[in-house]
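With the hints as constraints, model all of the structure from the sequences given.
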Amino acid sequence: MMLGRVRPGLFRQDQITLILLVLLVLALSVAPLVRLVGEAIAPGGTFSTAALQRAWNSPIVWVALRNSLETSFGATILAMMFGGVVALAVTLTDLRARNAFVFVFVMPLIIAPQVMALAWLQISGPSSALLNLLGLAPPLGTKNPLYSREGIILLLAVEYSPLVFLTLRAGLRALPRELIEAGLASGASKFTVVRTIILPLMTPSLVAGMALVFVSCLGNFGVPAFLGIPGNYLTLPTLIYQRLSGLGPGVLSEVAVLSMFIGSIAIIGILVQDIMLRRRDFRVATTSIAARAFELGRWRLPVEITLWAVTLFVVIMPILGLLATALVPAYGVPLNAKSATSQNFAYVIFEHAASRRALVNSFTLSAVAALIVTGISVLLAYFLVWRKSALLRWLSIAAEMPYALPGVVLSIACILLFLKPLPVLGFSIYNTVWILLIAYLARFLVLGLRPVISGYHQMDRAIEEAAQVAGAGFLRRLVTIILPVVAPVAAAGAILVFLTAFNELTLSALLWSSGTETLGVVVFSFEQGGESTAAAAVSILTILVTIGLALSTLLFHHKLPQGVLPWRD
Amino acid sequence: MARLTIEALSKYFGDQAALKNVSMQVEDGEFVAVLGPSGCGKTTMLRLVAGFDAVSEGKIAIGDRIVSGPGTHLPPEERRMGIVFQSYALWPHMDVEENVAYALKVQKVATVERAARVARALETVGLTSFRNRRPASLSGGQRQRVALARCLAMQPEIVLLDEPLANLDVHLRASMEDEFATFHKRTGTTMFYITHDQAEAMALADRIAVMDHGRILQFAPPSQLYREPANETVARFIGAGMILPGKLAGEPANGRVAVDILGHRAVIRCGPDHGAQGPVKICVRAQDLAVDRQASDPLSARLRRLVYQGGHFQADLLLENAENLPLALTLPEPCEVAPGDLLPIVLRDGWVVPQTDVLA
Ligand SMILES: Nc1ncnc2c1ncn2[C@@H]1O[C@H](COP(=O)(O)OP(=O)(O)O)[C@@H](O)[C@H]1O
Ligand SMILES: [Mg+2]
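If you read the sequences in order, they're chains F and U.
Position 521 (the first sequence) corresponds to 901 in this note's numbering; numbering is contiguous.
Position 70 (the second sequence) corresponds to 583 in this note's numbering; numbering is contiguous.
By construction, these hints were calculated from the structure, which means they are not laboratory data.
Computed from a prediction, not measured in an experiment: that's the story for all the values here.
Careful: at least some of the hints might be erroneous.
To be verified - The calculated DSS-like cross-link candidates involving lysine-lysine, where the alpha carbons are at most 27 Å apart (straight line), are:
hint, chain 1, residue 1, chain 2, residue 2
1, U, LYS572, U, LYS621
2, U, LYS572, U, LYS533
3, F, LYS768, U, LYS533
4, F, LYS570, F, LYS768
5, F, LYS768, U, LYS572
Claimed, not checked - Which chain F residues face chain U? A few, computed with CB under 10 Å, are given here:
hint, residue
6, ARG392
7, ILE843
8, GLU844
We put the beta carbon where it would ideally sit given N, CA and C, even for glycine.
Below is the structure:
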């Protein structure tokens, strides 16, 4: 027999692509974190525990740690109750207008935490129109009650109840309907079924959701920055921020240690979440069609009214308060037909230089990050879903880390990695827009990746193999077969990345420089500088963009797998 | 030349062997079916032949060219095979015509010829009027026809089919079977057809490879599989064969030999080289057995159940002796026996199973 063509298997299109992807993920996700750990235990390259010891012996670190844990635990419990009840009600019962309700309820998740905090400040202070109307406003001149531990807990709970809702809803949807029906058939009341069957089976989902909320609260910067810093109630992220912005890169080893600190606590939470989600195994093989809704009967209207009232109060009222502030000429002036003005919007869009730059910067950065992340995701998910291997499993975990860990950890890691001039290129990207872009790519990669992965899972691999048999090489298959089919999920992922980047503050608060302000940064500095009306105006603009984009997905949501868009029921 | 040669092929997933030392040769233009129960390694073999997976051991050649082997792996896109997938694998974002034309575009076939070949392929499967439809708006049978047309237009030397009828209604299967047979006759393409349905394999294939547990048990034309199973497993699998214990009771001559089955004497078929004396296994089928009240030394079996099958009955019996073997035979209507009766049974035909069993 003649010898066939020998193919060493190297340097084919798909293999080159895979190698590039691996390098890219290593550079984006692994390198910064490795650099951070290195700096914490061996600052400047030599092993030393001095920085560790300094942090250990510093009372303020312990206070910040205590504050972080207090607020995170408090908010987690509150969010579990609120999000849990809503998830049960929305998923199991015959409530009407579920899509609209879910959209409103999940909104805090896509609106920036600092914007929600700012909005709540507008309706809770001495000059709150609402409280004045009810006669409940604190006397003029007193401190807004939200500037406190309790305020932070409340806002974190508002922000992250949707996470509990989403985790629990995913668990409930995977619950085989037979288990519920068997309970009902054996004579148990609906309430008994919820108590004795559904909730016990949901324990892994609940614990996973709890761990996720805890880690998110722990890493949250926007809420304690707006509500804690004024009253000098510092959490670990805000402590890191203050140290770094007060003293500059000189304290890098110290903040590296603090980042490791908060990162380690977060990892415990991430592990709990991972273990629990893996436990979610019902050993019943069904293509679970959602269980038939529990009929609420005459309770339906009261339940609907209660849920809507609470959600409108928690989400919509504060935003209206924010809008009112954005429309008055000066903070504290009551809004009416005479006082209403658009001058704040004109000010932030046209007059204020930093704010004008920030609009452009945030738009551009978010759009570019969304495009690049989507490109990487379409390729990476191809290998993750269809070419399983141990290396790729590790790679997907690596890609998750920058998002799972608190944002400050990634920020500090990026500063450490990019402070010195880059090798070969010879210049530093610190204090440029590029460090922000890289941090965005690293942090938001999974947001684009997850929808695309679920898209691939829904696709029959045979359609790619059929193209392969037809003679099409990897890149050609990618462009002519795979891309058209994953386009909807890729678009959904791109929108998620854009929205998150557009609303983000944690990364840019630590990485911005003059000229590279983002919207989050200008809202923060307006508020700190007492320009509340300008802060409100910028916030309203971001909310409009955010909700507009979220609504735009209604145009193609029917092409998406369930669960890709958090705001869709 | 599109002879497909599979030599000493093995495939391991971890330490589990899905294929063990499989060899077979499919001649140019031959229609070969691979038949076996679910999980026996059929799809694994097809994916190795197509080039989707790398072989663990052994080699695969098309004509004289080794496409898979130690250190050699020609990727699927360069093998020029046609594949009809069980799930059809039509591209949802292209209409019927674009689906059929895709391979030709990839292979840079000139526009005029491409259009002609696509039109011819669509006409062959009777889908010309559906050429601008998307797959989503076609029925299962129509989708399978598009998949076939896609193959047809490519003019491959070998077509691989992985249970192409498994997702279709029973009444559609017959017409698609016909379609595949026509395709084969018209093109003379080598066909490698995977199925778990013996009726399908028998109806279509020139030769059938019976597989079990990652091995080929027998590779032969359908009638030989049925009449002369090479081992007990094939005998039981094909045509619901029954295995009876017996002893050779004479010298084989002209492919026939006298046997003694639990005291009943009969002359049945055997292989030419069957010389051994002593205990043998005998394969019989329902239509080889008959009730004979005149017989001098019949097998005595008790009727357990009669199942009416329209025009005749299937009778389930138990042999009345220590072996307690179940037997099945057909009885014409009307039938004057009842469950519980003792029936005298004789063998009209049978086959002495060669003693070597691959699995042993
Ligand atoms: N990618 C794979 N990884 C691990 N095991 C596999 C894989 N593909 C097939 N197998 C195993 O190989 C055996 C044969 O599978 P398959 O070829 O699909 O059987 P068939 O097509 O005959 O039903 C099965 O036991 C199956 O579990
Ligand atoms: Mg199969």
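Checked hints:
1. U/LYS572 / U/LYS621: violated, 31 Å
2. U/LYS572 / U/LYS533: It holds: about 13 Å lies between the C-alpha atoms, which stays within 27 Å.
3. F/LYS768 / U/LYS533: It holds: about 24 Å lies between the C-alpha atoms, which stays within 27 Å.
4. F/LYS570 / F/LYS768: violated, 43 Å
5. F/LYS768 / U/LYS572: It holds: about 25 Å lies between the C-alpha atoms, which stays within 27 Å.
6. ARG392: Since the shortest Cβ distance to chain U is 7 Å, the answer is holds.
7. ILE843: holds, 5 Å
8. GLU844: holds, 8 Å
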